[in-house]
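Please model the complete structure; the sequences and the hints are all you need to start from.
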Amino acid sequence: MRRLGILLVILFGSSFILYNLAAISGDPLEALRTSSSPSAKQQMVTLTRELQLNVPPPLRYFIWLRGVLGLFIGQIDFGNSRSGQSVSTLVQHAIPVTIRLVTMATIVAIILGITVGIVTALRQYSRFDYAMTFVSFLMYSLPVFWVAVLLKQYLAIRFNTFLQNPQIPFGWIVVFSIASGIFWSGVISGSRKRVLKIFGAVFVANVLLLELLSALKWFTHPGLGPIILFGAGIGTAVGVTQLSLGLNNKSGLKASLAMAVLSLIAYYPSQYIFKHSPHITTILLMALFTLVLGAGVGWAFAKIDRGPVMRTAMITGLILAFLTLLDKLMQTWAPYMATDAVNGRPVPTIGQANALLDQSNFWLSTLDTLMHLVLPTIALTLISFAGYVRYTRGTLLEVLNADYIRTARAKGLTERTVIMRHAFRNTLIPLTTIIVVDFAGIIGGAIITESVFGWVGMGTLFRQAISSFDLNLLMAVFFITASLSVLANLIADLLYSALDPRIRVGAGK
Amino acid sequence: MAILKRKKVEISSTDASENAIANKETEGLSQRQIVFRRFVRHRAAMISVFTLIFLILFVYTALDFKIGPWNIHGWWKYKVEDLPELRYKDCPNGNVGCPTFSLRPKFLGGSGFGLGDHPFGQDDIGRDYFALVMKGAQRSLMVMFIVGIIGGTIGTVVGSISGYFRGTVDAVLMRFTDFIITIPTIIIGSVIGFHFGNLGATFLALYLGLFAWTGLSRLVRGEFLKLRELEFVDAARVAGASNRRIIFKHILPNAVGVIIVSVTLLMSGAILLETALSYIGFGVVAPDVSLGLLISQYQDSFTSRPWLFWYPGFFIIAIALSVNFIGDGLRDAFDPRQRRRLSLKDRRAARIESSDSKGGE
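For the record, the sequence lines run as chains A and B.
For the first sequence, the residue numbers in our numbering are 1 to 509.
For the second sequence, the residue numbers in our numbering are 510 to 870.
Among these hints, one or two may not hold up.
[As the list claims (entries may be wrong)] A few chain A residues that face chain B, going by a derived Cβ cut-off under 10 Å, partial list only:
hint, residue
1, Val9
2, Ile17
3, Pro143
4, Trp146
5, Leu150
6, Leu155
7, Ala156
8, Asn160
9, Leu325
10, Leu329
11, Gly394
12, Val436
[Stated by the list, open to error] Calculated cross-link-like contacts (lysine to aspartate or glutamate; reagent style EDC-like; alpha-carbon spacing at most 20 Å):
hint, chain 1, residue 1, chain 2, residue 2
13, B, Lys588, B, Glu740
14, A, Lys250, A, Glu211
15, A, Lys250, A, Glu415
16, B, Lys735, B, Asp797
17, B, Lys735, A, Asp493
18, B, Lys644, B, Asp844
19, B, Lys735, A, Glu398
20, B, Lys735, A, Glu415
21, B, Lys758, B, Glu740
Keep in mind the hints are simulated off the structure, nothing from the lab.
Predicted model, so just to flag it, every value in this text is computed and none were measured.
Glycine included, each C-beta is placed from N, C-alpha and C at the ideal position.
Next comes the structure, spelled out in structure tokens:
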């Protein structure tokens with residue numbers, strides 16, 4: 001509580017200083033003073049009255065503050081922008097856009113970064129580790145605006161052109177397959193013979209897969225269908241069980257396999273629901289239903305130690321539900337390509353939604369939103385991915401040297417249990433705090449990404465505010481980003497102390 | 510899983526001999542020598558050091574360099590202000606000002622290895638792009654070093670004072686740090702950059718440095734809080750050392766690893782921040798040249814004249830990448846827990862030695 005008070009005082013101080021700084025550094029009427037238009041004088045008078053420019057800045061700040069303090073009675077008022085619109089409404093439209101832009105990238109970066117970080121730590125000083133270190137440093141040094149232009153050119157435009165005639169040339173298939181062969185043999189590693197074997201297997205599988213996809217025209221008519229979905233389901237069930245419980249745990253394996261069968265049974269009913277009740281709430285309800293079902297199945301199969309089995313079944317179910325949803329979106333792909341607004345070039349390079357597209361069809365507009373997210377997400381992920389890889393690797397290596405890991409091994413626990421239960425969980429503690437702080441920082445940092453990809457979010461508002469001396473707008477953007485970063489720091493501290501009992505909040509001495 | 514088990518066995522059996530080798534290596538060396546040796550051994554970091562030094566010399570000697578009344582002539586024939594004629598011969602697709610830099614030998618249909626008149630091409634009005642990129646890289650390097658020095662100094666001072674004295678001083682300084690953190694650097698940069706943009710790149714670097722020290726000061730504070738509780742500090746205090754002596758002689762040398770590593774990160778972050786600010790138009794502005802500014806000016810001509818886009822980007826990446834690798838090498842060098850991966854030769858030598866000593870017993 002005391003910390004919260006201090007934070008409020010800090011926010012108050014910094015907003016006061018920034019308000020005055022911004023107010024004295026520019027004259028909002030400058031353009032009108034030099035303008036020769038006959039109505040200039042009239043406009044100046046109106047603007048002065050509306051923005052209370054005759055009040056000196058330090059006092060005007062308190063007028064602004066009174067509006068903002070409305071936050072506590074549920075009515076926040078940031079004043080009006082220059083053009084007379086309410087800043088609150090502008091911001092209300094902009095925040096979801098920025099959050100949508102950032103959330104996806106953060107989630108992808110976290111998942112990928114943590115996975116790669118763990119693998120590099122477990123294969124410390126291997127060739128894969130060195131390669132990933134180099135790649136992550138390279139990404140760390142990339143300017144986002146530069147990457148964005150490259151992505152637009154090489155990913156979006158080339159891919160769109162490729163879709164006009166979706167036949168992968170044989171040379172490219174070979175190149176892709178060699179690359180993925182090298183990647184997987186690096187990840188799995190082992191003796192030289194083993195590496196060569198893995199490389200060969202992955203290479204052949206990749207060539208066959210790409211040829212098959214090419215032949216089936218999968219790129220223009222993608223989809224999974226119940227059969228592939230079932231195969232993927234069994235794979236997921238085995239994989240998740242292996243990671244979380246180990247395949248020796250029979251009840252866990254049975255429970256997740258049951259989830260795979262259930263997802264096959266649920267395939268056609270869910271198609272029906274998707275078709276007749278296309279809403280975000282329906283999808284969320286279905287996810288909830290899957291979780292409950294998973295818990296039930298886990299409970300039924302396990303006689304002792306039910307918690308972990310239920311958890312495994314729930315995770316399997318959720319992944320399968322996601323795959324079913326993905327399948328539905330893939331089915332929407334062909335109609336989406338065929339619409340006039342898209343016209344066969346589905347990867348957009350700019351904007352946040354296709355204005356020409358009919359918004360009434362839920363699946364089409366969802367797919368459209370996702371397609372517009374593709375490029376910014378890749379760009380942002382590339383940048384923040386590197387940090388997570390380095391951080392996870394460093395922390396996990398440190399944890400693996402700890403005494404309790406030695407104890408766990410000495411007890412005779414399997415390597416899987418040591419890594420997943422003891423090492424990985426303790427690695428997550430410092431990571432959570434990083435993630436929270438990062439998320440707040442990235443919202444402030446989305447200015448550049450937004451401007452490159454032409455999204456109208458907080459960053460655009462901010463640029464607009466600066467270039468037109470729009471004080472109220474500027475302060476609103478500042479207030480939100482600053483509060484977010486303050487809040488994120490507070491949450492990070494609290495989380496840290498909640499997760500790590502050795503740390504106490506406010507332990508000064 | 511099988512691999513992991515195998516690795517584990519291997520580690521435990523060689524642990525003792527590795528320790529022996531590591532101890533033998535550091536015998537009779539001062540801390541500074543140990544760190545230096547470890548750093549020199551870090552291959553990527555050493556390559557980066559040489560790359561960076563080469564880049565700095567290359568970039569700064571290319572153009573005229575003014576020190577007071579003296580003017581040192583650069584080795585490159587054009588200056589930023591020169592306006593040579595636009596080249597249009599031999600350019601593909603009717604473009605103008607394409608680069609003359611060529612690596613393709615004559616027998617493969619190229620024009621042979623050579624730099625030509627304008628190795629990086631020319632911009633819209635014919636200015637030599639190589640000169641422009643050099644100028645921009647000078648700006649970026651300068652910003653990077655100024656931010657590193659200012660940010661590093663403030664961060665170290667604030668962090669060490671609040672970590673050492675704790676109590677009220679700590680509370681006040683840390684709240685002040687929070688206060689600076691709430692103002693996002695990019696926002697304050699744009700506010701100031703927009704209003705005083707024409708004050709030049711040096712000014713930009715100065716205020717970026719004034720706002721970029723927060724993370725560093727937190728790290729240094731943490732390090733000081735940890736170190737001040739250790740026995741050798743108590744010993745010094747009992748022996749009657751003053752606060753100043755304890756800070757400078759006992760704690761600071763032990764915290765220098767953390768400081769240097771985060772300063773390098775600060776510097777590589779600064780170069781990206783500067784280019785980003787210039788890109789959205791709030792950093793270095795038009796009559797001046799910066800790498801970010803060059804990219805933003807010519808990104809639309811990427812499809813027709815890609816060289817205007819590639820070269821500034823390459824320089825940004827080269828500088829940031831080598832600074833990052835140097836930081837990584839320093840981190841490894843300063844970390845006492847860091848153990849070098851032993852080569853086969855070392856292992857064999859150790860084995861022979863241990864069998865020798867056993868035979869001698």
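Notebook entry, point to check: Does the CB of Pro143 (chain A) sit less than 10 Å away from some CB of chain B?
Noted result: This interface hint holds because 5 Å falls under the 10 Å limit.
Notebook entry, point to check: Holds or violated: Lys735 (chain B) with Glu398 (chain A), Cα cutoff 20 Å?
Noted result: 18 Å, holds
Check: Is the shortest C-beta separation between Asn160 (chain A) and chain B less than 10 Å?
Finding: 14 Å, violated
Notebook entry, point to check: Are the Cα positions of Lys735 (chain B) and Glu415 (chain A) separated by 20 Å at most?
Noted result: 33 Å, violated
Next item on the list: Decide if the proposed pair is consistent with the structure: Lys588 (chain B) and Glu740 (chain B), CA atoms, cutoff 20 Å inclusive.
Entry: 60 Å, violated
Margin query: Just to be careful, I want the Cα atoms of Lys644 (chain B) and Asp844 (chain B) compared with a cutoff of 20 Å; is the pair within it?
Written below: 37 Å, violated
Check: Given Ile17 (chain A) as an interface hint, is the shortest Cβ-Cβ distance to chain B below 10 Å?
Finding: 8 Å, holds
Margin query: Tell me if the interface restraint on Leu150 (chain A) is satisfied: Cβ within less than 10 Å of some Cβ in chain B.
Written below: 8 Å, holds
Check: For the hint on Val436 (chain A), does the least C-beta distance to chain B fall short of 10 Å?
Finding: 14 Å, violated
Notebook entry, point to check: Is the hinted pair Lys735 (chain B) and Asp493 (chain A) satisfied, with a Cα-Cα distance of at most 20 Å?
Noted result: 18 Å, holds
Note to self: Can you verify the interface hint for Leu155 (chain A): is its Cβ closer than 10 Å to any Cβ in chain B?
What the structure shows: 14 Å, violated
Notebook entry, point to check: Minimum Cβ distance from Gly394 (chain A) to chain B below 10 Å?
Noted result: Hint holds; Gly394 (chain A) Cβ to chain B Cβ min 9 Å, cut 10 Å.
When the structure is compared with the earlier hints, violations turn up for hints 6, 7, 8, 9, 10, 12, 13, 14, 16, 18, 20 and for no others.
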